[in-house]
Every structure is written in C-alpha cells, then in structure tokens.
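Participant: Letter by letter, the chains look like this.
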Amino acid sequence: MGHAQTPAAPVLALDGITKTFPGVKALDGVTLELYAGQVTALIGENGAGKSTVVKTLTGIYQPDGGRILMDGEEVRFPTAQDASAAGVTAIHQETVLFDELSVAENIFLGHAPKGRFGLIDRKAMHKDAQAILDGIGAEIDAGVRLKDLGIASRHLVAIARALSVEARVVIMDEPTAALSRKEIEELYELVDALKAQGKAILFISHKFDEIFRIADRYTVFRDGQFIGAGEMADIAEAELVKMMVGRSVDQIFPKRAAEIGEDVLLVAGYSHPTEFEDIHFTLRRGEILGFYGLVGAGRSEFMQSLIGVTRPSKGAIRLNGKVRVIRSPADAIAAGIVYVPEDRGKQGAILDMPIFQNVTLPSLPRLSKNGFTRMAEEFALARQYTERLDLRAASLDTTVGSLSGGNQQKVVIAKWLATQPTVIILDEPTKGIDIGSKAAVHDFMSELASEGLSVIMVSSEIPEILGMSDRVIVMREGRMVAELEGEDLTPETLVRHAAGISSKGEAA
Amino acid sequence: MTLLKSREAILVGAILLLLALVASRFPGFVTPSNLVAVFTDTAPLIILALGQMVVILTRSIDLSVAANLALTGMVCALINVSFPGVPVPVLVALALGLGALMGAINGFLVWKLTIPPIVVTLGTMTIFRGVIFLLTNGSWVNSHQMSAAFKAFPRENILGLPVLGWIAVIVTLILGLVMSRTTLGRAFFAVGGNPHAAVYTGINVGRTQFLAFVISGMLAGLTGYLWVARYAVAYVDIAGGFELDVVAACVIGGVSIAGGIATVGGAVLGALFLGIIKNALPVIDVSPFWQLAISGAAIIIAVTFNSRAGRSKGRVILKSAEHAQ
Numbered sequence: 017m018g019h020a021q022t023p024a025a026p027v028l029a030l031d032g033i034t035k036t037f038p039g040v041k042a043l044d045g046v047t048l049e050l051y052a053g054q055v056t057a058l059i060g061e062n063g064a065g066k067s068t069v070v071k072t073l074t075g076i077y078q079p080d081g082g083r084i085l086m087d088g089e090e091v092r093f094p095t096a097q098d099a100s101a102a103g104v105t106a107i108h109q110e111t112v113l114f115d116e117l118s119v120a121e122n123i124f125l126g127h128a129p130k131g132r133f134g135l136i137d138r139k140a141m142h143k144d145a146q147a148i149l150d151g152i153g154a155e156i157d158a159g160v161r162l163k164d165l166g167i168a169s170r171h172l173v174a175i176a177r178a179l180s181v182e183a184r185v186v187i188m189d190e191p192t193a194a195l196s197r198k199e200i201e202e203l204y205e206l207v208d209a210l211k212a213q214g215k216a217i218l219f220i221s222h223k224f225d226e227i228f229r230i231a232d233r234y235t236v237f238r239d240g241q242f243i244g245a246g247e248m249a250d251i252a253e254a255e256l257v258k259m260m261v262g263r264s265v266d267q268i269f270p271k272r273a274a275e276i277g278e279d280v281l282l283v284a285g286y287s288h289p290t291e292f293e294d295i296h297f298t299l300r301r302g303e304i305l306g307f308y309g310l311v312g313a314g315r316s317e318f319m320q321s322l323i324g325v326t327r328p329s330k331g332a333i334r335l336n337g338k339v340r341v342i343r344s345p346a347d348a349i350a351a352g353i354v355y356v357p358e359d360r361g362k363q364g365a366i367l368d369m370p371i372f373q374n375v376t377l378p379s380l381p382r383l384s385k386n387g388f389t390r391m392a393e394e395f396a397l398a399r400q401y402t403e404r405l406d407l408r409a410a411s412l413d414t415t416v417g418s419l420s421g422g423n424q425q426k427v428v429i430a431k432w433l434a435t436q437p438t439v440i441i442l443d444e445p446t447k448g449i450d451i452g453s454k455a456a457v458h459d460f461m462s463e464l465a466s467e468g469l470s471v472i473m474v475s476s477e478i479p480e481i482l483g484m485s486d487r488v489i490v491m492r493e494g495r496m497v498a499e500l501e502g503e504d505l506t507p508e509t510l511v512r513h514a515a516g517i518s519s520k521g522e523a524a
Numbered sequence: 285m286t287l288l289k290s291r292e293a294i295l296v297g298a299i300l301l302l303l304a305l306v307a308s309r310f311p312g313f314v315t316p317s318n319l320v321a322v323f324t325d326t327a328p329l330i331i332l333a334l335g336q337m338v339v340i341l342t343r344s345i346d347l348s349v350a351a352n353l354a355l356t357g358m359v360c361a362l363i364n365v366s367f368p369g370v371p372v373p374v375l376v377a378l379a380l381g382l383g384a385l386m387g388a389i390n391g392f393l394v395w396k397l398t399i400p401p402i403v404v405t406l407g408t409m410t411i412f413r414g415v416i417f418l419l420t421n422g423s424w425v426n427s428h429q430m431s432a433a434f435k436a437f438p439r440e441n442i443l444g445l446p447v448l449g450w451i452a453v454i455v456t457l458i459l460g461l462v463m464s465r466t467t468l469g470r471a472f473f474a475v476g477g478n479p480h481a482a483v484y485t486g487i488n489v490g491r492t493q494f495l496a497f498v499i500s501g502m503l504a505g506l507t508g509y510l511w512v513a514r515y516a517v518a519y520v521d522i523a524g525g526f527e528l529d530v531v532a533a534c535v536i537g538g539v540s541i542a543g544g545i546a547t548v549g550g551a552v553l554g555a556l557f558l559g560i561i562k563n564a565l566p567v568i569d570v571s572p573f574w575q576l577a578i579s580g581a582a583i584i585i586a587v588t589f590n591s592r593a594g595r596s597k598g599r600v601i602l603k604s605a606e607h608a609q
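First to last, the sequence lines map onto chains A and B. Numbering of the first sequence is given in the working numbering, commencing with residue 17 and proceeding in unit increments. Numbering of the second sequence is given in the working numbering, commencing with residue 285 and proceeding in unit increments.
These are computed hints drawn from the structure, not numbers from a lab. All C-beta atoms, glycine included, are put in the ideal place defined by N, C-alpha and C. Please note that a few of the clues may not be correct.
[Stated by the list, open to error] Here are the simulated SDA-like cross-link-like pairs (lysine to any residue), alpha carbons at most 25 Å apart as the crow flies:
1. 396(B) - 447(A)
2. 163(A) - 397(B)
3. 385(A) - 461(B)
4. 396(B) - 291(A)
5. 396(B) - 289(A)
6. 447(A) - 480(B)
7. 385(A) - 396(B)
8. 396(B) - 343(A)
9. 396(B) - 329(A)
10. 385(A) - 454(B)
11. 385(A) - 458(B)
12. 385(A) - 489(B)
[Claimed, not checked] Non-contacting residues of chain B with respect to chain A, defined by C-beta distances greater than 10 Å in every case (computed):
13. 297
14. 316
15. 318
16. 320
17. 409
18. 415
19. 424
20. 578
21. 581
Using the sequences and the accompanying hints, generate a full structural model.
Facilitator: This is how it looks when you write it as structure tokens:
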C-alpha cells in the first residue's frame with residue numbers, strides 16, 4: 017500500500033508518439049507514463065490504439081514521430097531484442113510459448129545461461145528457472161513440459177519468462193481474457209507481488225472491475241488520441257466510461273430509415289454446452305440487429321451455431337413462420353441464412369480459385385443440375401453481383417489471389433449476396449479496414465436493409481453499433497444481458513452491460 | 285489460369301526436348317509404334333496419378349495406392365484361378381468396387397477419426413500388403429494358372445492402341461469432366477484451396493476428402509486388375525514402391541503438395557515425363573542407378589519451377605516497376 021504515492025519521474029514515458037498506417041492514423045501524438053511500483057491501466061475501445069502502443073514499446077513497430085523516454089533519457093527500440101535488453105517485456109494475450117519444451121527452457125529460450133564451449137548450462141538454467149517460479153509463488157516444477165500445464169500455469173511461465181530478463185517494465189495485454197475466476201485472483205496477487213518488487217506495470221483490460229481492483233493509475237485513449245490520465249482514486253466508473261466512449265462528431269453513419277416489416281427470424285432458447293446459453297430474439301424484415309459484447313463474449317460462437325458449423329444442445333429457430341432445423345452450413349444457405357465471417361482472409365475467399373467460382377461456390381446447389389455446373393449461368397450470376405459491388409478486375413476468370421485486399425473483400429460479400437439470403441450475418445464487418453472503406457460498407461448495409469434483407473451485425477466498435485443498429489443485444493460471458501433500443505441505447509449502457517458494471521455510481 | 289497453362293506448356297516442351305535428345309542417339313525411340321508402347325507402358329502411372337491428384341488437391345496424400353493395386357490384382361487373379369468362367373467385365377467391376385472400398389476405408393479414417401492422411405495410408409498400405417500374404421501365404425499366381433481371356437483384355441488392340449492405353453485415355457477424359465464441370469470437382473478445389481472458407485460455403489470438408497480417397501482407391505483397384513493381367517503374374521510385392529512414382533508424377537505435373545492447385549493435364553504430363561525417362565534411359569544405355577538419380581533430379585527441378593512460379597511478386601511500390609509487371 018505504501019507504494020501508492022507517485023514517485024517523482026516515470027520509468028518509461030511516451031511523448032507525442034505518432035504512428036500512421038496506410039489510411040489510418042493509429043496513434044496521434046499520444047502520451048503515456050509508467051511509474052515504478054505502480055500499475056497503470058490503459059483503457060480504450062477496440063481501435064483506440066492500445067495494441068499499437070504495446071508494439072511500439074516492445075520494438076515491433078517504429079513510431080513515425082515522438083520520443084520514447086527511459087528514466088528521462090530518449091531511447092530507441094529498433095528491434096524486439098533492444099526493447100527486451102532495456103528491460104521492457106510484454107505478456108501477450110496469447111502467450112507465445114513452446115509446448116514441447118520444458119518450463120525452464122521456455123523461460124530462458126534465447127538467453128539461457130551458457131557453460132563451457134558455449135553450450136547451455138542446463139543445471140544452472142533449471143535452478144534459476146525454479147528460483148524465479150518460486151519467487152512468484154508459482155507451484156510449478158521447472159522440469160515439466162509446458163504442454164502438461166493448464167492455461168493459468170502457462171501464464172505464470174510467461175510471467176516468469178518476463179522476469180528472467182530483469183524486466184523493469186512489464187506489459188500485460190488482457191492477461192485475464194482466458195482465465196477462470198480463481199486463476200484471475202492468483203494473477204492479481206502476482207501483479208501485487210510485481211508491484212512490490214518495484215516493476216512498472218502497464219495493464220490493458222476491458223473489464224472495469226479488474227481495472228478498479230488492480231490499477232493505481234489510468235490512461236485513456238480514444239481513436240488513437242490521448243484523452244486523459246490520472247489516479248484511479250480520483251475517478252468514478254461513469255466518468256471513465258464517458259472518457260472512453262465520448263464520441264467524436266466526424267463519424268457519420270448513413271443508416272437510412274428502412275421500413276421495418278414482419279418478423280423474419282425467431283430464435284428461442286439457443287444453448288451450447290460450453291459456449292453460450294439461452295439466446296433468444298426476434299429479427300424483423302429490413303432491420304439491422306446489433307450484437308455487442310467484449311471479445312470472447314460468445315457472439316461469434318453463437319452465430320456459428322446458428323448457421324450449423326457447430327450444433328446447439330438446445331433451442332429452435334423459425335424462419336418466415338416455419339420451423340427450421342439447421343445441421344450444416346449447407347442447410348443454413350438453403351434456408352436463406354448466411355454468415356460473413358470475421359476473418360475474411362482465412363475464412364473468406366479461396367485465393368487460388370477464379371473470381372467467378374468463388375462467387376458462385378455457395379450457390380452451386382442452386383446453379384447445378386445433376387451435379388454438373390452450368391458455366392453460362394455461373395458467369396451471369398458472378399457478373400451480376402460483382403458489378404453490383406463495383407468490383408474492378410480484368411476478368412472474372414482471374415484468381416482472387418491476384419486482387420487487392422479491398423477487392424477480395426468485395427468478392428466475399430458478392431459470394432454471400434449471390435445466394436439471395438433472407439438473413440445476412442456480418443461478423444465485425446469493418447474490422448481492419450480504413451475509414452473510407454468503412455463508410456462504403458456501412459452504406460451498403462443500409463442499402464441491404466432498405467431492400468428488405470434482415471441484417472445481424474456483430475461488432476465490438478461502439479460507434480458502429482450505435483450508428484447502424486435498430487436494436488442491440490448485449491452479450492457477456494455467453495449470455496444475453498440486455499436488449500437495448502431507442503433512448504436506452506447509449507455508449508454508457510452498452511459498456512455497462514458488456515463489462516458487467518453494477519448500476520451504482522450512475523453519473524449524470 | 286495462364287500460369288497453369290504455361291506450366292503445362294513448359295512440361296510439353298520438356299517432354300519434346302527429352303524425346304529429341306533420345307532420338308538423336310536412338311532414332312527408333314520416336315517411331316509411332318514405340319511411342320504407343322511407351323504410352324501404354326505409362327498408362328498405369330497415368331491412371332494412378334489422376335487419382336492421387338484428386339487426393340493431394342484436397343490437402344491429403346494416399347500412400348496406399350500401390351498396395352491397393354496389388355491386393356485387388358491378387359483377388360482378381362485368385363478369382364480367375366478358382367472360377368475361370370467369370371467374365372472380364374464382371375472382374376473389372378469387382379476391381380473398381382474393391383479398390384473403392386479400400387479407398388473408402390482410408391477416407392473414413394481421415395474424415396471421421398481425423399487422423400492425418402499420411403499416417404492412415406501408411407498404415408493401410410502395410411495392412412493391404414499383409415492381407416495379400418494372408419490370402420496366398422506368399423505364393424505366386426502364375427501365367428499358366430490364368431485364363432486366356434483374363435490375360436488378353438489389356439493387350440487387346442483397338443485402332444492401334446491397346447485397351448490399357450485406351451483406359452488411361454478414358455480415365456483422363458472422365459477426370460477432366462469431373463474436375464472442370466461438376467460440383468464435386470469444384471468442391472475438391474475449394475477444400476484444398478481454403479478448407480476454412482469451404483466450410484462456410486456449405487461444403488462438407490471431411491466428406492469431400494473421403495470421396496477423393498474413394499476415387500483414388502477405385503482407380504488403384506482398376507489398375508490392379510490391368511497390371512496383373514498385363515504382366516500375367518500376381519504376388520505380394522507387385523508394384524512395390526510404385527506409390528512414390530505416382531506422387532512424383534503429380535508433383536512434376538504441378539500439383540501443389542499444399543493442396544488447392546492441380547490440373548488433369550498437368551498430372552498426365554507429369555506421368556508421361558516420368559514414363560518416358562524410365563523407358564528411354566535403358567535404350568540409350570544409361571545404367572539403372574543413374575535412372576533413379578535422374579528421376580529424382582527431375583522431381584526436384586519440377587518442384588523448384590512450381591515454387592518459383594507460385595511465389596508472390598511482393599508489393600509494387602516503385603513507380604518505375606509498375607509497368608515492368
């Protein structure tokens with residue numbers, strides 16, 4: 017507790033750091049200060065620039081402008097090794113460790129103690145590893161293979177690895193995302209132990225209870241800009257939420273008032289043994305229904321079950337008044353429900369295939385006769401939908417792999433529209449694309465809705481959810497926690513429900 | 285598409301060059317009758333390479349084809365010995381069915397138990413050979429035990445080409461049709477190109493791989509009868525190691541080992557290239573040891589070509605490079 021007072025100078029500071037990617041300003045002159053023996057929480061929505069900061073601090077990205085200061089001296093981290101040598105270490109969301117190596121080898125990989133002839137001194141390595149593990153109270157034998165450990169223990173190994181390089185600054189990027197309650201408590205104790213050792217800790221999390229439990233200071237980013245910083249003791253939840261989501265006015269959403277018609281899709285009691293429980297809603301014609309939640313809230317998992325990739329344990333759906341059983345994606349496509357996955361690179365197009373074959377792939381059952389494809393009709397369908405999306409390609413016969421990223425996206429969307437669906441599910445439709453393309457995607461969604469399509473949009477971006485949805489369902493930990501509409505639909509209510517903040521501390 | 289076409293053009297060029305080289309030492313090699321003989325001799329490799337092509341296309345591999353061939357061939361021979369009256373068309377149908385069944389076993393293990401294809405087919409390869417041993421106790425079925433009709437069928441000459449050669453032609457045409465004009469063919473490409481994406485488009489990835497193994501097995505079974513009848517002998521070790529020639533033919537023919545890229549023309553040309561090397565080298569007095577080394581070198585050169593062609597060009601940033609593309 018005695019460590020809470022702010023020491024004079026920060027161990028590590030970012031001063032006016034700017035980082036630009038083609039089309040996006042990821043960081044715009046941000047400031048961040050980390051103090052010895054203190055936990056600083058970095059707070060911001062998806063796309064606020066948190067990951068870019070982590071990558072800048074660990075030498076993976078080079079800033080375009082601004083200075084990195086260590087103990088007041090300007091430093092540069094041209095490579096990850098330089099950052100690590102300076103004592104900055106990160107524990108990532110998905111820890112990068114090696115299953116087949118022992119715990120000690122994992123901890124000392126790349127900087128193992130060497131003995132005679134430059135060979136690894138296994139004895140010393142084992143002893144040092146065990147000492148570090150004992151030091152953080154981890155009951156792990158340094159000799160066991162990593163693959164025999166659970167997730168929580170792996171995290172401890174990652175932390176031990178961070179400590180093995182004499183870290184002064186420890187970055188924890190959503191360390192609790194994959195942990196159970198008990199494991200999270202253990203992690204908190206560990207963070208306290210690191211604080212007591214005088215490490216400066218940067219803690220990135222979406223969970224407010226966690227931030228209030230563990231952090232001494234906060235820094236808020238929004239859209240790549242520094243919004244504010246201060247001591248946790250001086251701020252209430254409601255204020256933090258406001259700083260985090262407070263909207264810049266330059267984002268315009270072209271949601272047209274589509275005519276909302278009759279009920280199209282009715283989902284009742286959809287459950288899965290491990291991923292989600294009792295999801296139920298009605299979707300109407302011409303409606304855009306938003307699904308909001310933190311990463312890992314079970315939204316994508318539910319959608320995949322809805323289209324038959326995984327099977328629900330319970331639940332039923334009714335489409336246009338008829339009960340439908342969907343056992344496979346083929347059933348879903350035949351019923352008129354299509355899903356545009358989040359990872360369009362990996363799950364979207366087939367790069368070695370020509371454009372027209374990509375577009376017609378899910379429509380082939382309809383386009384073929386006795387198992388034979390019909391080229392003329394395939395080309396006609398592909399031409400119709402690629403023209404509609406304004407796809408520019410020399411020929412529909414060229415492979416998708418030869419197109420630019422933006423045009424590949426268009427192929428994927430054309431593919432799904434060509435099935436003439438009643439319900440289209442878009443999973444993070446604008447993730448990782450630049451502002452200009454975002455507007456085009458939003459415009460297009462509105463157009464679909466106004467043509468009478470029912471749209472489900474899974475998004476983790478609050479402006480997008482607010483700007484595009486007629487109604488929003490919020491999910492947390494696999495359950496529906498709120499269904500918001502009209503006046504209830506505000507950034508604060510969204511964050512409150514998604515992060516599980518109690519309604520105490522209501523401000524304004 | 286143009287890339288694949290040009291790859292096939294390169295292969296055709298390589299084959300013509302090879303023939304020209306051999307002809308310069310031994311002109312008799314390129315007479316029509318000898319070329320027909322070489323083609324017929326390569327027919328089993330062509331048929332098996334086409335089946336293997338489908339399997340490799342779906343990101344799998346079938347190492348059991350030669351063992352499947354040997355077992356089916358032996359079963360056909362044993363039936364012929366015990367029931368000489370069974371007509372050849374029935375035997376052919378039986379060979380197709382038995383081969384398909386063995387392919388289905390492979391496919392089922394890959395699909396339902398999700399065991400890696402290389403492990404599954406390595407196992408079944410040994411099992412199939414073992415079954416031949418169980419059936420025969422290691423004894424041979426020799427020419428004099430087989431009926432005349434049984435032995436005559438693959439050698440029957442129609443319009444100057446033996447039936448064996450015609451079957452390779454017909455299989456090529458059928459596979460060409462399946463790969464380019466059917467939804468199943470399209471599914472093979474989709475599953476190999478991007479299985480994650482294929483799932484969402486309503487394709488059952490496991491089932492598609494299963495069907496690829498069935499096709500490969502069926503063609504191996506067919507070749508089994510043809511092989512045993514042509515050489516008029518059946519024993520445990522026939523076509524031993526032939527599965528590697530089959531995979532090599534595919535690789536030379538531009539079939540991507542990573543899946544998703546293959547052409548029927550490429551597989552056939554790859555098989556022909558290997559077949560011509562095997563037939564030509566003894567003619568021009570190259571020792572059998574060198575034959576192996578030359579075949580191996582051809583495989584590595586082919587793979588080098590493929591990987592260079594498939595390598596992405598990288599980003600064009602320089603203005604001056606824009607037009608050079």
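Participant: So, against the hints stated earlier in the document, which numbers end up violated here?
Facilitator: 1 and 7
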